[in-house]
Amino acid sequence: MRIQDRHPVEGGRERMTLVPESLDDLWHLQYVLEPGDLVGGDTTRRIQRNDDQMRDTGGEREHMYVTIDVEEVEFHKFSNRLRVAGTIDDCSREDQLGLHHTLNIEERDEITVEKRFKPDQEERLQEAVEATENPDVVIATVEEGQAHIHSVEQYGTEEYARFTGTTGKGEFSRSREELFEELTDALARLDVDAIILAGPGFTKKDAYSYIEEEAAEVTDKITMVDTSGVGDRGVHEVLKRGAVADVQAETRIAEEAGLIDELTERMAEGAKASYGPDNVAEAAEFGAVETLLILDDRLRHERSGEGEWEIDADDVITQVEQQGGDVVVFSGEFDPGQQLSNLGGIAALLRYRLE
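In this note's numbering, the protein residues as written are 1 to 355.
Among the hints, erroneous ones may be present.
[Said to hold, decoys possible] The calculated DSS-like cross-link candidates involving lysine-lysine, where the alpha carbons are at most 27 Å apart (straight line), are:
#, residue 1, residue 2
1, Lys221, Lys240
2, Lys240, Lys272
3, Lys205, Lys221
4, Lys240, Lys205
These are computed hints drawn from the structure, not numbers from a lab. These numbers were taken from a predicted model, which means no experiment stands behind them.
Taking the hints into account, I'd like the entire structure generated from these sequences.
Laid out in structure tokens, this is it:
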């Protein structure tokens with residue numbers, strides 16, 4: 001994310017000019033923008049013409065700069081865009097004011113955002129700015145008969161490739177070398193800064209030896225990690241052990257995986273942990289929250305005024321921050337966030353146990 005400009009405007013609001021530089025940045029913006037914000041950007045709009053000079057042709061697209069009063073924000077990661085919908089608050093044509101419009105924001109599009117930025121939203125933007133410098137990482141997990149490649153994004157991990165096949169003897173058997181060859185070819189094509197090669201047993205070491213022989217330049221990027229599984233399970237183990245954090249210190253996924261594991265361990269022991277909106281709000285009132293865990297989707301829903309919680313999420317966040325606690329907003333796209341969702345979307349690691 002690049003912040004081009006920022007300055008205060010009347011009413012206690014602030015106007016920022018932002019340039020999202022990656023799909024991750026668009027994902028971050030989904031949780032920064034909310035109803036009531038003003039968002040401006042270049043767009044095209046179909047204009048209906050029906051006058052004496054030009055018959056109505058069904059509308060012609062006209063380029064204009066539009067500022068909309070936000071009503072809805074939706075991240076479309078498969079079409080690489082963020083859709084921001086609302087009514088037109090300002091544009092070059094007065095006859096379009098108050099009409100509905102959708103801005104389709106893509107990578108490298110410059111937008112202006114005017115709003116009252118909440119502390120966690122400021123932190124998310126800063127995280128996006130800092131993440132621009134983070135290295136790109138993939139996790140390759142391999143065992144006998146299968147290999148997987150996952151890319152590490154801030155909104156979660158994505159399976160990039162999967163290779164499977166029988167091994168051993170028989171008509172349909174497949175040599176290990178074939179599997180290693182496919183894995184090597186795929187890794188060699190990726191433009192990444194680091195590769196974590198993981199899996200159980202000696203298979204990954206044999207895969208490394210094959211890669212070293214066939215594509216030595218790829219091995220310069222590889223770090224090996226022992227895991228008991230491959231695929232999604234292996235990826236979670238890699239993240240939990242901090243292997244990604246070694247090469248991408250700011251990645252939020254590794255932090256979330258560790259925090260959710262700490263939370264579940266404490267819960268199993270009946271120790272210093274709390275979950276659910278009412279219980280966490282009570283812990284915050286006592287100043288007992290060391291780290292607040294809250295799900296981005298749930299936080300956005302509660303802020304929209306359509307939530308079911310009886311507590312005010314922003315009040316809890318403010319209390320925790322004022323008491324020196326940490327606030328971590330989880331991504332709902334990744335497994336730790338899904339686990340947090342099953343606990344009500346909010347939980348806390350406590351300084352001391354509440355009776």
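Results for each hint:
1. Pair hint Lys221 plus Lys240 holds up; C-alpha atoms about 20 Å apart against a cutoff of 27 Å.
2. Pair hint Lys240 plus Lys272 holds up; C-alpha atoms about 20 Å apart against a cutoff of 27 Å.
3. Proposed proximity of Lys205 and Lys221 is supported: the alpha carbons are some 15 Å apart, at most 27 Å.
4. In summary, the hint linking Lys240 to Lys205 is supported, as the alpha carbons are separated by about 21 Å, within the 27 Å threshold.
Against the hints set out earlier in the document, no violation occurs for any number.
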